[in-house]
Amino acid sequence: MSGQVKKGYARPLDIKHGCVDMSHGGGGRAMVQLIADLFAEHLSNEYLAQGNDGACLPQGEGRMVVSTDSHVVSPLFFPGGDIGGLSVHGTVNDVAVMGATPLYLTAGFILEEGFPLADLARIVESMAKAAKDAGVKLVAGDTKVVEQGKGDGVFITTTGVGFLPDGIHLSGNLAQPGDVLLVSGSVGDHGMAIMSKRENLSFDAPILSDSTALNGLTAAMLASGATIRVMRDPTRGGLAATINEIAHQSGVGIHLEEAAIPVKPEVDAACELLGLDPLNIANEGKLIAICAAEDAETLLAAMRTHPQGQQAAIIGKVVEDPHGFVQMKTKFGGRRMVDWLSGEQLPRIC
Amino acid sequence: MKYVDEFRDGEVAQGLARAIAAEVWPDRRYNFMEFCGGHTHAISRYGVPDLLPPNVRMIHGPGCPVCVLPIGRIDLAIKLALENGVILCTYADTMRVPASDGLSLMRAKARGGDVRMVYAVTDALKIARDNPGKDVVFFAIGFETTTPPTAVAVRQADAEQLKNFSVLCCHVLTPSAIMNILESPEVRDLGTVPLDGFIGPAHVSTVIGSRPYEFFAEEYRKPVVIAGFEPLDVMQAIRMLVRQVNEGRAMVENEFTRAVTPEGNAKAQNLVSEVFELRRSFEWRGLGEVPYSALKIRERFAEYDAERRFSLEYRPVPDNKACACGAILRGVKKPTDCKIFGTVCTPENPMGSCMVSSEGACAAHYTYGRHKDVEETPP
Amino acid sequence: MCLAIPARVVEIAADDQAIVDLGGVRKNISLALVEDVQVGDYVIVHVGYALTRLDPEEAEKTLTLMAEAGLTEQAAAS
Numbered sequence: 001m002s003g004q005v006k007k008g009y010a011r012p013l014d015i016k017h018g019c020v021d022m023s024h025g026g027g028g029r030a031m032v033q034l035i036a037d038l039f040a041e042h043l044s045n046e047y048l049a050q051g052n053d054g055a056c057l058p059q060g061e062g063r064m065v066v067s068t069d070s071h072v073v074s075p076l077f078f079p080g081g082d083i084g085g086l087s088v089h090g091t092v093n094d095v096a097v098m099g100a101t102p103l104y105l106t107a108g109f110i111l112e113e114g115f116p117l118a119d120l121a122r123i124v125e126s127m128a129k130a131a132k133d134a135g136v137k138l139v140a141g142d143t144k145v146v147e148q149g150k151g152d153g154v155f156i157t158t159t160g161v162g163f164l165p166d167g168i169h170l171s172g173n174l175a176q177p178g179d180v181l182l183v184s185g186s187v188g189d190h191g192m193a194i195m196s197k198r199e200n201l202s203f204d205a206p207i208l209s210d211s212t213a214l215n216g217l218t219a220a221m222l223a224s225g226a227t228i229r230v231m232r233d234p235t236r237g238g239l240a241a242t243i244n245e246i247a248h249q250s251g252v253g254i255h256l257e258e259a260a261i262p263v264k265p266e267v268d269a270a271c272e273l274l275g276l277d278p279l280n281i282a283n284e285g286k287l288i289a290i291c292a293a294e295d296a297e298t299l300l301a302a303m304r305t306h307p308q309g310q311q312a313a314i315i316g317k318v319v320e321d322p323h324g325f326v327q328m329k330t331k332f333g334g335r336r337m338v339d340w341l342s343g344e345q346l347p348r349i350c
Numbered sequence: 001m002k003y004v005d006e007f008r009d010g011e012v013a014q015g016l017a018r019a020i021a022a023e024v025w026p027d028r029r030y031n032f033m034e035f036c037g038g039h040t041h042a043i044s045r046y047g048v049p050d051l052l053p054p055n056v057r058m059i060h061g062p063g064c065p066v067c068v069l070p071i072g073r074i075d076l077a078i079k080l081a082l083e084n085g086v087i088l089c090t091y092a093d094t095m096r097v098p099a100s101d102g103l104s105l106m107r108a109k110a111r112g113g114d115v116r117m118v119y120a121v122t123d124a125l126k127i128a129r130d131n132p133g134k135d136v137v138f139f140a141i142g143f144e145t146t147t148p149p150t151a152v153a154v155r156q157a158d159a160e161q162l163k164n165f166s167v168l169c170c171h172v173l174t175p176s177a178i179m180n181i182l183e184s185p186e187v188r189d190l191g192t193v194p195l196d197g198f199i200g201p202a203h204v205s206t207v208i209g210s211r212p213y214e215f216f217a218e219e220y221r222k223p224v225v226i227a228g229f230e231p232l233d234v235m236q237a238i239r240m241l242v243r244q245v246n247e248g249r250a251m252v253e254n255e256f257t258r259a260v261t262p263e264g265n266a267k268a269q270n271l272v273s274e275v276f277e278l279r280r281s282f283e284w285r286g287l288g289e290v291p292y293s294a295l296k297i298r299e300r301f302a303e304y305d306a307e308r309r310f311s312l313e314y315r316p317v318p319d320n321k322a323c324a325c326g327a328i329l330r331g332v333k334k335p336t337d338c339k340i341f342g343t344v345c346t347p348e349n350p351m352g353s354c355m356v357s358s359e360g361a362c363a364a365h366y367t368y369g370r371h372k373d374v375e376e377t378p379p
Numbered sequence: 001m002c003l004a005i006p007a008r009v010v011e012i013a014a015d016d017q018a019i020v021d022l023g024g025v026r027k028n029i030s031l032a033l034v035e036d037v038q039v040g041d042y043v044i045v046h047v048g049y050a051l052t053r054l055d056p057e058e059a060e061k062t063l064t065l066m067a068e069a070g071l072t073e074q075a076a077a078s
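Chains X, W and A, in that order, give the protein sequences. Residue 54 in the working numbering sits at position 54 of the first sequence, with consecutive numbering throughout. Residue 285 in the working numbering sits at position 285 of the second sequence, with consecutive numbering throughout. Residue 57 in the working numbering sits at position 57 of the third sequence, with consecutive numbering throughout.
Hints may contain errors.
Claimed, not checked - Below, simulated DSS-like cross-link-like pairs (lysine-lysine); rule was C-alpha separation at most 30 Å, straight line:
| hint | chain 1 | residue 1 | chain 2 | residue 2 |
| --- | --- | --- | --- | --- |
| 1 | X | K317 | X | K331 |
| 2 | W | K334 | A | K61 |
| 3 | W | K126 | X | K197 |
| 4 | W | K134 | X | K331 |
| 5 | X | K329 | W | K321 |
| 6 | W | K134 | W | K109 |
| 7 | X | K144 | W | K334 |
| 8 | W | K134 | X | K150 |
| 9 | W | K79 | W | K334 |
These are computed hints drawn from the structure, not numbers from a lab.
Based on the sequences and whatever the hints tell you, model everything.
Rendered as structure tokens:
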């Protein structure tokens with residue numbers, strides 16, 4: 001053999017055509033290479049570069065806020081986003097709606113044997129971009145590999161750390177009769193983007209997931225000076241579940257105006273076709289806020305000037321109600337309850 | 001959405017509400033049964049009762065094919081999935097119906113049964129083509145609206161000789177159910193359920209036409225107004241019923257003229273009679289055995305009949321003793337009359353058929369209307 | 001009864017298939033249960049099948065009747 005091999009040559013990971021195999025989770029060289037060639041390629045920062053088992057973080061200003069979320073969305077790539085971006089946005093948002101400034105994320109990956117490395121690279125790249133756009137750093141991570149058939153391609157768990165300045169106290173049990181309820185934009189986009197792909201619907205104007213980081217919006221809202229009682233992001237279960245949770249926690253009733261709730265026409269139409277209610281459909285880039293009545297207009301204005309709050313609207317008010325019912329005046333004129341569902345909403349034929 | 005939004009217009013609703021209020025006689029009570037589960041759902045979802053005068057009461061009928069599907073039939077579907085190892089295709093509506101042994105189709109899926117939700121029967125045909133080595137059974141439920149698509153699918157399977165495809169046929173018939181209610185002692189003799197008229201089903205009627213209801217109007221002297229699916233349709237139909245009652249008429253009228261004709265869809269009817277024939281009797285949950293009320297697959301298409309292929313034997317299973325669904329389905333009791341409504345029996349933990357489907361009377365009331373049970377003053 | 005929705009036929013294909021549009025959302029459905037459907041017609045769709053054509057003239061008549069009900073009452077009240 002006459003070929004000269006360069007000193008220190010290591011065969012690079014075949015990201016284009018390769019797949020995850022059991023060795024990548026084994027803790028040995030294959031795993032190190034996966035991390036170096038694929039993850040570090042996109043996610044490098046001073047903490048990851050240290051290469052230690054844990055990241056040592058500086059003290060922040062105020063109280064520490066922690067949140068965690070697991071992501072098992074299928075399909076992994078959907079109109080408007082993917083599981084990578086979603087995993088960053090979801091956790092950033094959970095920290096942000098507490099009133100805190102999210103700073104750091106960790107990410108745990110459970111990879112299925114056979115999962116294409118090209119897809120993994122896309123996902124990691126997407127995470128890196130989402131983190132950068134949100135101003136957060138991914139400081140620690142882990143990968144495990146499970147046998148084929150025991151995973152759905154990839155599951156990602158992210159944990160977020162942020163700091164809550166003194167003087168801010170938001171909680172689901174603080175809503176009071178007289179308060180006003182706002183939403184940051186149209187509801188049902190994410191869930192219907194996923195559902196439409198599954199049900200092979202096609203669109204003139206495609207429904208895109210609204211997956212995005214909301215910490216810029218929450219910062220603007222907190223800076224407006226409005227007295228905000230609680231912010232929450234309605235993910236699974238939709239607007240209905242989140243509003244019911246808060247009503248229940250605060251021991252109050254909530255009255256909504258259906259005509260005020262923003263829903264995109266395509267989402268409305270897709271829901272009609274499948275027999276679904278937009279209020280029960282997941283969102284990944286929206287929040288609701290409850291504030292003192294006198295501050296509602298100020299808060300609304302602050303939200304509308306921010307790119308993620310342009311369609312913000314006042315959609316209801318908090319009332320006295322020991323039963324904690326959420327009721328809605330329909331566009332039709334009658335009233336009905338908005339209940340949270342017992343399980344996932346399934347398309348109807350009847 | 002054209003032909004949808006216009007029929008949900010709030011301002012027109014106010015006008016119709018005033019018109020109905022002006023036409024009712026102040027000292028008379030009007031009790032109308034909306035037969036169809038879809039109407040129950042529309043009435044609840046849009047808050048229609050708020051726009052009706054207090055002396056007009058809507059009674060929810062048994063026109064919800066999921067609600068009237070007996071436990072024994074779901075057991076057959078579950079058995080096919082868990083014991084016969086078929087790919088069981090079903091509409092989403094049936095997934096959570098509780099069956100025997102604490103099972104449901106959703107739970108059977110969790111236990112390893114290959115249960116798949118489909119939007120259309122054509123999806124089941126595709127699954128059969130894609131899985132030639134496995135038996136694929138389509139769980140066919142529904143009234144006359146849903147039966148023609150199943151008929152088309154069976155003929156399609158036959159044309160393609162799709163030998164691994166079969167249908168578990170649980171299609172039921174509307175006129176028989178209406179007859180059963182009208183014949184029940186509470187309605188006929190005792191007068192415990194004062195029934196002044198029916199709102200006839202929307203989409204069933206596009207298939208069967210308005211003619212089949214003429215028998216009920218004449219024989220039982222009850223007006224029937226066929227109504228479209230949207231809340232304005234329902235209100236217009238109520239107005240027409242009030243008028244008939246006031247004028248002492250008992251006729252079939254059609255509010256849904258944009259989609260229903262006297263004869264219905266002959267092409268669909270012919271396809272159905274080609275593939276299906278009447279069962280002598282069929283058990284309905286809550287109503288008991290009802291003669292000539294359901295369909296089975298004809299001999300000619302026997303190889304696509306899951307009951308024959310898998311030698312299935314139907315075993316009736318009684319409902320929970322505390323469950324008042326039977327009485328509720330017949331309009332004899334209201335959901336709130338049931339001892340276990342809202343406590344033991346909730347949408348998360350349904351004891352009977354009325355709570356299972358989103359348009360069963362109990363589920364609709366629980367999900368959309370239970371605030372009325374407790375409130376003293378509306379906001 | 002069952003959940004069915006009026007949608008506009010935008011394309012007709014072989015084997016009794018068609019594409020309908022509802023508010024900008026398109027879906028494949030079957031025309032096996034109906035006859036003489038043209039592009040531009042509205043059909044009532046249930047579980048992936050068109051059940052019948054919707055008659056636009058009758059729809060207008062019904063809407064007019066409904067709207068008139070309110071006007072009559074307003075006139076009577078004033």
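Compare the distance between the alpha carbons of X:K329 and W:K321 with 30 Å, and conclude whether the hinted pair is satisfied.
37 Å, violated
Take the C-alpha atoms of W:K79 and W:K334, compute the straight-line distance between them, and say whether it is at most 30 Å.
Violated. W:K79 to W:K334 sits at ~34 Å, over the 30 Å cutoff.
Would you mind confirming whether the straight-line C-alpha gap from X:K317 to X:K331 stays at or under 30 Å?
Since the Cα atoms of X:K317 and X:K331 sit roughly 17 Å apart, the hinted pair holds (cutoff 30 Å).
For the pair we were handed, W:K134 and W:K109, check the Cα-Cα distance against 30 Å.
Between W:K134 and W:K109 the Cα gap is close to 17 Å, so the pair holds against 30 Å.
Can you confirm whether the C-alpha distance between W:K126 and X:K197 stays at or below 30 Å?
17 Å, holds
Hinted pair, alpha-carbon criterion (30 Å max): X:K144, W:K334. Please report holds or violated.
Violated - the C-alpha atoms of W:K334 and X:K144 are around 55 Å apart, more than 30 Å.
W:K134 and X:K150: Cα distance at most 30 Å?
Judged against 30 Å, a Cα distance of about 23 Å means the pair holds.
Is it true that the CA of W:K134 sits at most 30 Å from the CA of X:K331?
Violated: W:K134 and X:K331 sit about 48 Å apart, past 30 Å.
Quickly compare the C-alpha distance for W:K334 and A:K61 to 30 Å and report which way the hint goes.
36 Å, violated
Figure legend: structure checked against the earlier numbered hints; hints not met, in rising order: 2, 4, 5, 7 and 9.
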